[in-house]
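> With the sequences and hints as input, model every part of the structure.
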Amino acid sequence: MPLYTQVEPPEGYSAPGFFATTLDQVVGLARKNSIWPLPFATSCCGIEFMATMGANYDLGRFGSERLSFSPRQADLLMVMGTIAKKMGPIVHQVYEQMAEPRWVIAVGACASSGGIFDTYSVLQGIDKVVPVDVYVPGCPPRPEQIIDGFMKIQELVGNESLRRRYSPEYRALLGKYGIK
Amino acid sequence: MIQNRLKEKFSNEILSIDEGSDILTITVNKDCIREFILFLKDELGFGFLTDLCGVHYPDKELQLGVVYHLHDLTNNQRIRIKTFTSLEQPEIASVHDIFSSANWMERETYDFYGVIFTGHPKLIRILNVEYLDYFPMRKEYPLEDSTRTDKDDRFFGR
Amino acid sequence: MEPLEREHILIRPEDFDKNFSTLNLGPTHPATHGIFQNILTMHGETIIDAEQTIGYIHRAFEKIAERRPFYQITTLTDRLNYCSSPINNIGWHLTVEKLLGVKTSKRIDYMRIVIMELARITDHLICNSVIGVDSGALTGFIYLFQEREKVYEIYEEICGARLTTNLGRIGGFERDFTPDVIRKIKDFLENLPKVLRQFENLLLRNRIFMDRTIDVGGISAERALNYGFTGPNLRAAGVDYDVRVMNPYSSYDDFDFTIPIGTNGDTYDRFCVRQEEMWQSIKLVKNALENLPEGNFHEDVPEFYLPPKEEVYSKMESLIWHFKIVMGEMEVPVGEVYHSVEGGNGELGFYLVSDGGRTPFRLHFRRPGFIYYQAYPEMIKGSVLSDAILTMSSMNVIAGELDA
Chain A
1 MPLYTQVEPP
11 EGYSAPGFFA
21 TTLDQVVGLA
31 RKNSIWPLPF
41 ATSCCGIEFM
51 ATMGANYDLG
61 RFGSERLSFS
71 PRQADLLMVM
81 GTIAKKMGPI
91 VHQVYEQMAE
101 PRWVIAVGAC
111 ASSGGIFDTY
121 SVLQGIDKVV
131 PVDVYVPGCP
141 PRPEQIIDGF
151 MKIQELVGNE
161 SLRRRYSPEY
171 RALLGKYGIK
Chain B
1 MIQNRLKEKF
11 SNEILSIDEG
21 SDILTITVNK
31 DCIREFILFL
41 KDELGFGFLT
51 DLCGVHYPDK
61 ELQLGVVYHL
71 HDLTNNQRIR
81 IKTFTSLEQP
91 EIASVHDIFS
101 SANWMERETY
111 DFYGVIFTGH
121 PKLIRILNVE
131 YLDYFPMRKE
141 YPLEDSTRTD
151 KDDRFFGR
Chain C
1 MEPLEREHIL
11 IRPEDFDKNF
21 STLNLGPTHP
31 ATHGIFQNIL
41 TMHGETIIDA
51 EQTIGYIHRA
61 FEKIAERRPF
71 YQITTLTDRL
81 NYCSSPINNI
91 GWHLTVEKLL
101 GVKTSKRIDY
111 MRIVIMELAR
121 ITDHLICNSV
131 IGVDSGALTG
141 FIYLFQEREK
151 VYEIYEEICG
161 ARLTTNLGRI
171 GGFERDFTPD
181 VIRKIKDFLE
191 NLPKVLRQFE
201 NLLLRNRIFM
211 DRTIDVGGIS
221 AERALNYGFT
231 GPNLRAAGVD
241 YDVRVMNPYS
251 SYDDFDFTIP
261 IGTNGDTYDR
271 FCVRQEEMWQ
281 SIKLVKNALE
291 NLPEGNFHED
301 VPEFYLPPKE
311 EVYSKMESLI
321 WHFKIVMGEM
331 EVPVGEVYHS
341 VEGGNGELGF
351 YLVSDGGRTP
361 FRLHFRRPGF
371 IYYQAYPEMI
381 KGSVLSDAIL
391 TMSSMNVIAG
401 ELDA
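Each protein sequence line maps, in turn, to chains A, B and C.
Residue numbering for the first sequence follows the numbering used here, starting at 1 and increasing by one per position.
Residue numbering for the second sequence follows the numbering used here, starting at 1 and increasing by one per position.
Residue numbering for the third sequence follows the numbering used here, starting at 1 and increasing by one per position.
Please keep in mind that the hints were generated in silico from the structure rather than gathered at the bench.
Take these hints with a grain of salt, some might be off.
[Said to hold, decoys possible] Straight-line C-alpha distance at most 20 angstroms; calculated SDA-like pairs for lysine to any residue:
1. 128/A x 151/B
2. 63/C x 145/B
3. 63/C x 133/B
4. 60/B x 357/C
5. 63/C x 140/B
6. 128/A x 147/B
7. 128/A x 152/B
8. 41/B x 239/C
9. 98/C x 78/B
10. 128/A x 149/B
11. 41/B x 223/C
12. 32/A x 163/A
13. 176/A x 149/B
[What the hints assert, rightly or not] Computed from the model, here is a short list of chain A residues facing chain C with C-beta under 10 angstroms:
14. 39
15. 47
16. 57
17. 67
18. 115
19. 119
For each residue, glycine too, the CB sits at the ideal point set by N, CA and C.
Below you can see the structure in the form of C-alpha cells.
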C-alpha cells in the first residue's frame with residue numbers, strides 16, 4: 001500500500017528533469033489546485049461550510065486555504081444557503097464583479113432550486129440570476145458532499161480551455177443573464 | 001388584583017377578559033390601547049414587552065387583530081392584550097416610545113398585515129422587498145409565488 | 001419575474017455637503033455573520049448613526065406554518081436559530097404539548113434537558129470562537145469547532161442529522177438513548193473542559209483582547225429591558241432573567257445551576273457570560289445524565305405520537321394512528337397558547353392560535369435576534385468601525401432567526 005495517493009499526470013512527454021505538455025493542461029493543473037473561493041454563506045449551509053473549512057474535513061487540502069471575501073480576488077463563488085428575492089440582485093452584482101475565469105457552485109437545496117421554501121419571497125434557485133456550474137443537493141449537505149462538489153469543480157477547471165471566455169456559447173450564456 | 005384595577009379604570013373600553021387560557025387575556029377597544037399599555041407599564045409594573053404580532057380573522061367583523069404580550073419581571077406575571085381593527089381603517093396608535101422594542105415589531109406587523117401604526121417614525125416594509133404591493137400574511141393571498149412560469153403541473157399534482 | 005431592484009445600496013444626497021461620509025457595511029461582508037446591511041454615517045472614523053436593512057433571507061416561515069400540520073412545522077423551526085436546532089424543535093413540541101394538554105414524564109424531561117444543554121453549548125462555542133476570529137484570533141475557532149463535530153456525532157446517534165436535527169416527537173422522542181449515545185456524551189464531557197480552558201487561556205485574560213472588548217458596545221440594563229433584550233445579552237447588562245428559572249419547563253426546576261450576569265453590558269461581559277454559561281451547561285448535562293430515571297422514552301398519547309415503524313407494519317391500530325397523524329387528522333382543541341424556551345440567544349417564544357384544524361390558524365415566532373438587533377445603532381454610536389464589528393459578532397445575530 002503506498003503511503004500517499006498519486007495523481008495521474010496529464011498527457012505529455014516526460015524525461016528526467018522536465019515534463020512537456022500542452023499549455024492549457026499546465027494552466028488547468030495550476031488553477032484547479034489553487035482555487036480561491038468566495039464563501040457567500042447566507043444560512044444553515046454556511047455552518048456546514050464552516051465545518052468543511054474546519055480541521056475535521058479541511059477544504060484547505062484542496063488548495064483553497066485562503067478564502068477571499070472580495071469578489072475581485074476570487075475564482076469560485078460558493079453560494080450556500082437560501083437566496084431571497086431581495087438578495088438576488090446582490091448575488092448578480094457580486095458575480096459581475098468577479099474577474100474571469102470564474103465558476104459558481106450552488107451548495108444546498110435552497111441555492112439549487114429554492115429547497116423546501118416554495119414561497120413568494122424566495123428565489124427558486126440561483127440559476128435564475130447567475131450561471132451555475134455545479135449543484136450540490138442536501139439540506140444541509142454533509143461536508144463530504146460539499147467536498148465532492150468542489151472536486152467536480154476542480155475537474156471542470158482542469159479541463160477548461162484557455163479561450164473559454166471568448167467562446168460564443170459562453171457569451172450567449174452570460175447574455176441570457178444580462179452580463180456583458 | 002390586576003383585573004379589578006383595570007376594570008375600574010377602563011371599564012367601558014375592555015371588551016372581554018378571558019382567564020381560561022394559559023395567560024390572562026384582555027381584549028380592548030383600539031382607541032385606548034396607548035393609555036392601557038402605559039397604565040400597565042407605569043402602575044402595574046409590566047415593564048417588558050415580550051411580543052407584538054398581528055392576526056387576521058377573515059370571519060370576524062373587525063378582521064385585523066394586534067396581540068401584545070407583556071411580562072412583569074418582578075412578580076413573574078404575563079398578560080396578553082388583543083385589539084381589533086377593521087380592514088378599511090387599519091389604524092392603531094403606536095407604542096414605540098413606551099417600549100423601544102415595539103419599533104421593528106410594528107414594522108413587521110405592517111409588512112405582513114397592513115396595520116398602520118400612527119406615530120411610528122418609519123413605517124416601511126422590513127422583511128419583504130419594497131416593491132411588494134400587497135400584504136402577504138392576509139388569508140386571501142397564496143403562499144407560492146403566482147408569477148412563476150417554470151412549474152410543470154404534472155409534477156405538482158394539479 | 002419582477003424586476004430586480006438595486007435600491008438597497010444608497011448614498012443619501014443630503015450628506016454630500018457635510019463632513020459626513022457614508023459607509024455601506026453591505027449584505028455580503030466577511031464579518032457580518034449572516035446577511036444584513038448597515039449603512040453607517042461616519043464622521044472621520046467615528047460612527048454617528050447606522051441605518052439597518054434586514055430581510056435578505058426572509059423565507060416566510062409564518063405563512064408556510066399556516067399550511068403545514070404540526071410535525072411538518074418542526075422542520076421549519078430547525079432553521080430559525082440553526083446553530084442550536086434542538087432547542088427550537090423541543091420548544092415547538094413543548095408548545096404543542098401545552099395546547100394539547102400532554103404532560104411528559106421525568107425521564108423525557110431529563111433527556112430533553114441533556115439535548116437542549118448540548119445545543120446551548122454548541123451555540124456558545126460558535127459565538128465565542130467567532131468573536132475571537134473577528135478580533136484576529138483564528139486558532140480558537142479551529143479548536144472549538146472540533147468539539148462541535150463531536151456534538152454532531154451525538155446528534156447523528158440520536159436523530160440521524162448533523163445540523164438541522166428535526167428531533168423529537170410530541171410527547172417524547174422517536175427512540176431511546178442507546179448506550180453509544182451515553183458513552184459519547186460522557187466522552188465529550190470529559191474532553192470539553194480541557195479545550196475550554198485552553199481557549200480561556202488564549203483569550204479571557206489576554207491584554208489585547210481585553211483592550212479591544214472592554215467598554216465596547218455597552219448598553220445599560222434599563223435600555224436593554226426597554227429594547228426587549230433577553231438571553232446572554234441581557235444577562236451581560238446585569239438583569240438575571242432566564243426563562244429556565246422564571247417559567248421553568250421540562251423539569252428545569254429540579255436542577256441547581258447559577259445564572260452568570262455581567263455589569264457593563266459590553267462585549268467582554270457578553271463573552272464572559274457565554275463562557276460561564278457553557279460551564280453551567282456542562283454541569284447540567286452531567287447531573288441530568290447521572291440522575292436519568294427509568295421509564296419510557298415517549299408518553300402514551302397515540303393520537304399525537306407517531307408509532308414506531310415496526311408496529312406500523314405489524315399492528316392494525318398503529319397503522320391507523322400513523323395514517324391519521326401523517327394526514328394531520330389529529331383532534332386539536334381550539335385555543336391559543338404562548339410558550340417560550342431559553343434559546344441560545346434568549347427567549348424564543350411560540351404564539352400558536354389554533355382553530356381546531358389540522359394546521360395552525362396563526363403561528364408567530366418571537367425571535368430574540370430580531371428584537372435585540374434593533375438596539376445596534378444605539379450601541380455603536382460614537383465608536384470606531386472595528387468596535388462596531390466586534391459588537392455585532394458578540395451580539396450573536398443569526399440571520400435565520402432575524403428574518404424567519
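> Which of the numbered hints above does this structure break?
none
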